[in-house]
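**Student:** Please work from the sequences and hints to get the whole structure.
For the protein sequence lines, the chains are A and B, in the order given.
If you count the first sequence from 1, position 186 lands on 186 in the working numbering, and the numbers rise without skipping.
If you count the second sequence from 1, position 171 lands on 1171 in the working numbering, and the numbers rise without skipping.
Take the hints with a grain of salt, since some may be wrong.
Computed far set for chain B versus chain A, every beta-carbon distance over 10 angstroms [as the list claims (entries may be wrong)]:
id : residue
1  : I1036
2  : D1215
3  : G1256
So the derived label-pair ranges between C-beta atoms look like this [claimed, not checked]:
id : chain 1 : residue 1 : chain 2 : residue 2 : range
4  : A       : R157      : B       : E1289     : 39 to 47 angstroms
5  : A       : G261      : B       : A1219     : 41 to 49 angstroms
6  : A       : V74       : B       : G1137     : 46 to 54 angstroms
7  : A       : G256      : B       : S1284     : 41 to 49 angstroms
Computed far set for chain A versus chain B, every beta-carbon distance over 12 angstroms [claimed, not checked]:
id : residue
8  : G34
9  : R42
10 : E65
11 : L132
12 : R211
13 : D247
14 : A259
15 : P295
Because the hints were derived from the structure by calculation, they are not lab data.
The beta-carbon is built from N, C-alpha and C at its ideal position, and this holds for glycine as well.
Number of protein chains: 2
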Amino acid sequence: MTDADAAGLDGRSIRVGLDVGGTKIDAVAVSPDGQIVGRLRRPTGWGEDAVVDSVVEAVAALAREAGFAPSDVVSAGIGIPGLVDSGTGRVLHAVNLGVETLDLADRAGDRLGAPVHVENDVKAAALGAAMLRGAGGSMAYLNLGTGVAAGIVVDGRIWRGARGTAGEVGHLSVDPNGRACGCGQRGCIETFCGGGALARAWGRPGALPVRDILDAADAGDPEAVALRADLFHGAAAAVRVLVLSADVERVVIGGGLTALGERLERGIRSALLAGAGSSAFMRSLHLDERIDLLPAGSPAAAFGAALIGASVPSKEIVSHG
Amino acid sequence: MTDADAAGLDGRSIRVGLDVGGTKIDAVAVSPDGQIVGRLRRPTGWGEDAVVDSVVEAVAALAREAGFAPSDVVSAGIGIPGLVDSGTGRVLHAVNLGVETLDLADRAGDRLGAPVHVENDVKAAALGAAMLRGAGGSMAYLNLGTGVAAGIVVDGRIWRGARGTAGEVGHLSVDPNGRACGCGQRGCIETFCGGGALARAWGRPGALPVRDILDAADAGDPEAVALRADLFHGAAAAVRVLVLSADVERVVIGGGLTALGERLERGIRSALLAGAGSSAFMRSLHLDERIDLLPAGSPAAAFGAALIGASVPSKEIVSHG
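**Tutor:** Laid out in structure tokens, this is it:
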């Protein structure tokens, strides 16, 4: 008996979710009752055709591993970086994937024989994190990875905003004399707590530069101590922006830097407490109690993509409307 | 024939809205079809009892002036600074009014003989501005007065957030070396573009210190030139925060500083354009095209309060639950 049989699956009942990152795809299979019944990771190809191939192959491999037929897939959702038109499933400027323009929903949908819905990866992760945590109310998902961005979820729905920049807190400047940002501004939150910006500022070789910075800071390296302070300061600034604009109840932190675990969480919490030390107003917000970290390796992004895939694509609503 | 008769009013049909400020109350009467059929301003009393008296007297004077009977008032809405529990109508810490704790909805309601709903003044103004402009979609109302705060309206509803700090962008720090803020932090947006902070930094006597700053800056005073730049820089930062977090389609600027009119609007727009000059990302947001100023003396806040008063009070929903 396969896992899928054990989960009581029959016919087209598996919702697949894929988080397509710069180096790997995280794929999950979700049963009708919302359980993750299979998961695997595979490398991502480079360029438009290879990305489509990677997605299709990941679904096939997931089906083999979790014991369901590819024809059991009732829907697929894909979270992917870059500019995503969630209505059409088109992806633009996903530079880390070598993608300039890709009609991902159409091309993957044709090959998979199932409807495909595509969403920005941070928004998908935000929805997945909200659902995994069972959080009602409002929540922001703050992604600390190479870059920094957030997704906002209210009452189980992604907050899309007017023009697709909801949660783009990484490019708010919090220091006019700060480091230059790739976006052309100075002192953006991302220059303080983005893994890419910290690695460039550190400038020494290493597979995990932010971990190296924390280790060197623990050993007393003054440059590392300053960069560590930047990391926590920048993440705390992002939390403040999210609470003092959208007023979300909780800020859940995810992304590659969560591999730092307790060291990251403790540092951000300390930065929030330090800010509250001098401000009764900030103290009244209890920000240090309103954050938590996703576990490293959380399937939130792929799970969120599966949920998005299961929703009716916008373009179907339009064509039947 | 009175104005009210002319508007085709009969029985209890007038919705009253009051914007209670530190020095004056702005009161409007709204007909069943949503037109403002009367308006007046009166001084605000100091302290709990005097605030209640001022509200009741303003409604009576409005009725006389607009030609309706006090018994025609079907509901009243009050926008007021301070911490407002919109469910109970209780106001806390309205320091500019001498109010520590005031059950304003109950006390004014008993005297007016009509249900009273109370809301934070910036949120009320945000709703009023959205309705006066007929804006669907999403909008932030950025209030530049003595202090700085915003209200967010989405699809005709006030965005309340989780704990009452939605839109509190005035106390986000955008410069760690900036001026000390009354909230205990440094470099808050309010220290750049709040009328109170600018007046303190300017430090010279005058009835309209921010206007004096602009005049002196036009005349070449270097200190005034720097403060003028702060004003526009801070307001531009607030616009960026609102668009890069909640992603509102438009930011409508109101509050006392709108008395500066075109000089204020042009300055903020220039600051947004200057920021976009060095950043393709910022250019893509077209922020300079997404702001506009309410006319000085706009009835937005009182009108919004009238709309809020006309909605069913939350506590009634609970008690009939």
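**Student:** State for each hint whether it applies.
**Tutor:** Evaluated hints:
{"no.": "1", "hint": "I1036", "verdict": "holds, 28 angstroms"}
{"no.": "2", "hint": "D1215", "verdict": "holds, 26 angstroms"}
{"no.": "3", "hint": "G1256", "verdict": "holds, 22 angstroms"}
{"no.": "4", "hint": "R157/A / E1289/B: 39 to 47 angstroms", "verdict": "violated, 28 angstroms"}
{"no.": "5", "hint": "G261/A / A1219/B: 41 to 49 angstroms", "verdict": "violated, 58 angstroms"}
{"no.": "6", "hint": "V74/A / G1137/B: 46 to 54 angstroms", "verdict": "violated, 33 angstroms"}
{"no.": "7", "hint": "G256/A / S1284/B: 41 to 49 angstroms", "verdict": "violated, 26 angstroms"}
{"no.": "8", "hint": "G34", "verdict": "holds, 25 angstroms"}
{"no.": "9", "hint": "R42", "verdict": "holds, 31 angstroms"}
{"no.": "10", "hint": "E65", "verdict": "holds, 39 angstroms"}
{"no.": "11", "hint": "L132", "verdict": "holds, 19 angstroms"}
{"no.": "12", "hint": "R211", "verdict": "holds, 26 angstroms"}
{"no.": "13", "hint": "D247", "verdict": "violated, 2 angstroms"}
{"no.": "14", "hint": "A259", "verdict": "holds, 26 angstroms"}
{"no.": "15", "hint": "P295", "verdict": "holds, 24 angstroms"}
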